Amino acid sequence: MKIIDQSHEIISLPDNLLQVIEAAGRTCYKSEDKITPDSATGFVARMRDRGHHAMIEFGDIIVRFVTNRGVTHELVRHRLCSFAQESTRYVRYDGKMEFVRPCWWEDCTPAQQTLWQQAMADAENRYLSLLESGWRPEQAREVLPNSLKTEIVVKGNIREWRHIFALRCTKKAHPQIRALMIPLLAELKEHLPVVFDDLTF
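Sequential numbering from 1 applies to the sequence shown in the working numbering.
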């Protein structure tokens with residue numbers, strides 16, 4: 001058993017993303033003649049500020065998350081995204097199971113930490129016993145907890161990412177998904193401030 005922290009990795013963020021949005025958006029106004037080498041940022045800012053968010057749907061971002069199964073149950077509710085997730089039906093965890101440390105771990109008492117660790121070890125042991133008894137991975141997975149590490153690749157357009165952040169970065173969001181999304185939002189603000197700087201949580 002291994003305990004890990006959740007993380008994200010941006011695996012696709014095209015360099016010309018703002019230019020693509022501008023090229024699509026200017027079609028609405030037939031103002032393509034106003035495109036210059038540095039006009040995209042201003043155009044996208046105007047679209048964002050006017051609420052013409054359909055235009056920012058032309059920019060896709062793909063992110064790989066390493067998190068727990070519980071968080072992915074929330075992520076896949078964003079149905080406008082595309083998902084590719086590690087499958088517990090086909091992946092056989094032969095003594096190499098990983099569990100994601102809860103983001104509130106430092107606030108836990110040693111007794112609480114021990115209880116969680118014991119629960120994870122017990123789940124892994126029961127899973128392995130079921131495999132040894134003849135169950136296939138797709139059957140033995142019935143005993144796996146939400147804390148089981150999983151990887152999920154999520155593709156969404158900028159409008160949907162803004163929606164995800166609006167729901168998952170607030171104080172009302174589940175702490176684990178909030179702890180995953182806030183660092184991603186911070187990184188995207190560095191890459192695309194014109195698109196994400198107005199989101200504050």
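It is worth saying that the hints were derived from the structure and are not from the lab.
On a predicted model such as this, the values are computed, not experimentally measured, just so you know.
Glycine included, each C-beta is placed from N, C-alpha and C at the ideal position.
Take these hints with a grain of salt, some might be off.
Taking lysine to any residue pairs in the SDA-like style, the calculated list, with each CA pair at most 20 Å apart, reads [said to hold, decoys possible]: (1) Lys149 <-> His73; (2) Lys189 <-> Ala166; (3) Lys96 <-> Ile152; (4) Lys149 <-> Ala166; (5) Lys149 <-> Ala121; (6) Lys189 <-> Ser12.
Derived Cβ-Cβ restraints for the label pairs, each shown as a range [what the hints assert, rightly or not]: (7) Gln113 <-> His174: 38 to 44 Å; (8) Ala121 <-> His53: 43 to 49 Å; (9) His191 <-> Leu167: 32 to 38 Å; (10) Pro175 <-> Glu32: 32 to 38 Å.
For each hint, the structure was consulted:
1. Lys149 <-> His73: holds, 13 Å
2. Lys189 <-> Ala166: holds, 14 Å
3. Lys96 <-> Ile152: It holds: about 18 Å lies between the C-alpha atoms, which stays within 20 Å.
4. Lys149 <-> Ala166: violated, 25 Å
5. Lys149 <-> Ala121: Holds. Lys149 to Ala121 sits at ~13 Å (cutoff 20 Å).
6. Lys189 <-> Ser12: holds, 15 Å
7. Gln113 <-> His174: 38 to 44 Å: violated, 20 Å
8. Ala121 <-> His53: 43 to 49 Å: Cβ of Ala121 to Cβ of His53: about 47 Å, so the range 43 to 49 Å holds.
9. His191 <-> Leu167: 32 to 38 Å: violated, 21 Å
10. Pro175 <-> Glu32: 32 to 38 Å: violated, 46 Å
In terms of the numbered hints stated before, the structure departs from hints 4, 7, 9, 10, listed from lowest to highest.
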